[in-house]
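A.B. asks: Sequence:
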Amino acid sequence: MSRSCFVVPESVTLPLFDDGALWIKVKKQLNAGEVRQMAQGAFTRVSPTGTPDAPSVAFDLNMDAGAFQKIVLYLLDWNLSDAAGKTVAIDTPKAKADALRALDPDVFTEIERVIDAHAETMAQEKKRRSGSPTPSTT
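If you read the sequence shown in this note's numbering, its first letter stands for residue 21, the second for the next number, and so on.
Since the hints were derived computationally from the structure, they do not count as laboratory data. Just so it is clear, CB atoms sit at the ideal spot from N, CA and C, and this is done for glycine as well. Among these hints, one or two may not hold up.
As the list claims (entries may be wrong) - Cβ pair distances, simulated, as ranges:
hint : residue 1 : residue 2 : range
1    : PRO125    : PRO29     : 27 to 33 Å
2    : LYS147    : ARG56     : 18 to 24 Å
3    : ALA109    : GLY86     : 23 to 29 Å
4    : THR69     : SER22     : 43 to 49 Å
5    : ALA143    : PRO29     : 15 to 21 Å
6    : GLY40     : ASP111    : 19 to 25 Å
7    : ASP111    : GLN144    : 29 to 35 Å
8    : GLY151    : ASP102    : 44 to 50 Å
9    : ALA115    : THR69     : 20 to 26 Å
10   : ALA78     : ARG23     : 39 to 45 Å
11   : ARG121    : SER22     : 41 to 47 Å
12   : PRO68     : ARG121    : 31 to 37 Å
13   : ASN51     : ALA137    : 18 to 24 Å
14   : LYS114    : SER24     : 29 to 35 Å
Said to hold, decoys possible - As a list, the in silico DSS-like pairs of lysine-lysine whose alpha-carbon atoms are at most 27 Å apart:
hint : residue 1 : residue 2
15   : LYS146    : LYS45
16   : LYS116    : LYS45
17   : LYS48     : LYS147
18   : LYS106    : LYS47
19   : LYS116    : LYS106
20   : LYS48     : LYS114
21   : LYS146    : LYS48
22   : LYS45     : LYS114
23   : LYS47     : LYS146
24   : LYS114    : LYS47
Work out the full structure: start from the sequences and follow the hints.
C.D. replies: In structure tokens form, the structure reads like this:
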């Protein structure tokens with residue numbers, strides 16, 4: 021069987037908090053375009069600096085924007101509800117962005133934590149499949 025060079029769109033449902041009553045559905049893996057988009061999400065300005073003899077580049081980072089971009093790229097669905105108990109739809113980019121910005125900060129932080137843990141698990145799984153050494157946990 022040959023190895024695929026393309027990301028197959030798959031999703032996984034992950035519980036939030038300890039009780040698991042709330043969940044998010046995320047992409048199992050980002051594709052190359054999404055990874056680059058996520059990496060660029062934190063950059064607010066990149067500009068050349070220095071002199072012709074010693075050129076360099078200056079950049080400003082907005083880590084909050086980077087974290088937000090990561091969640092936007094991974095998140096597909098959820099069961100989070102509004103004050104009336106109705107599940108908040110995130111089926112368009114605008115609806116997703118508006119809903120994420122309106123979240124309670126603790127819920128946003130939990131979503132980010134769960135996505136980070138998922139991404140790390142996928143990276144470790146990929147290393148195991150490829151035979152790359154994995155760091156020991158002590």
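A.B. asks: State, for the Cβ atoms of ALA143 and PRO29, whether the hinted interval 15 to 21 Å holds or is violated.
C.D. replies: Because 18 Å falls inside the window, the suggested range holds.
A.B. asks: Does the Cβ-Cβ separation between THR69 and SER22 fall within 43 to 49 Å?
C.D. replies: With a Cβ separation near 47 Å, THR69 and SER22 satisfy 43 to 49 Å, so the hint holds.
A.B. asks: Decide if the proposed pair is consistent with the structure: LYS116 and LYS106, CA atoms, cutoff 27 Å inclusive.
C.D. replies: Within the cut-off at roughly 15 Å; holds.
A.B. asks: LYS114 and LYS47 were given as a pair; does the straight-line alpha-carbon distance stay at or below 27 Å?
C.D. replies: Status holds; Cα separation ~18 Å.
A.B. asks: Starting from the range 39 to 45 Å, see whether the pair ALA78 and ARG23 falls in it by beta-carbon distance.
C.D. replies: Once the Cβ atoms are compared, 40 Å apart, the range 39 to 45 Å for ARG23 and ALA78 holds.
A.B. asks: Check the following: the C-beta atoms of LYS147 and ARG56 are separated by a distance inside 18 to 24 Å.
C.D. replies: 21 Å, holds
A.B. asks: Between PRO125 and PRO29, does the C-beta distance stay in 27 to 33 Å?
C.D. replies: 30 Å, holds
A.B. asks: Mind checking the alpha carbons of LYS47 and LYS146 for me, to see if they're no more than 27 Å apart?
C.D. replies: Satisfied, since the Cα-Cα distance of roughly 15 Å is no more than 27 Å.
A.B. asks: For a C-alpha distance cap of 27 Å, please report whether LYS146 and LYS45 respect it.
C.D. replies: Holds, at roughly 20 Å.
A.B. asks: Given the range 20 to 26 Å, decide if the beta-carbon distance of ALA115 to THR69 lies inside it.
C.D. replies: 40 Å, violated
A.B. asks: In this structure, is the beta-carbon distance linking PRO68 and ARG121 contained in 31 to 37 Å?
C.D. replies: 33 Å, holds
A.B. asks: Okay, ASP111 versus GLN144 on CB: inside 29 to 35 Å?
C.D. replies: 31 Å, holds
Hint compliance for this structure: hint 9 alone is broken.
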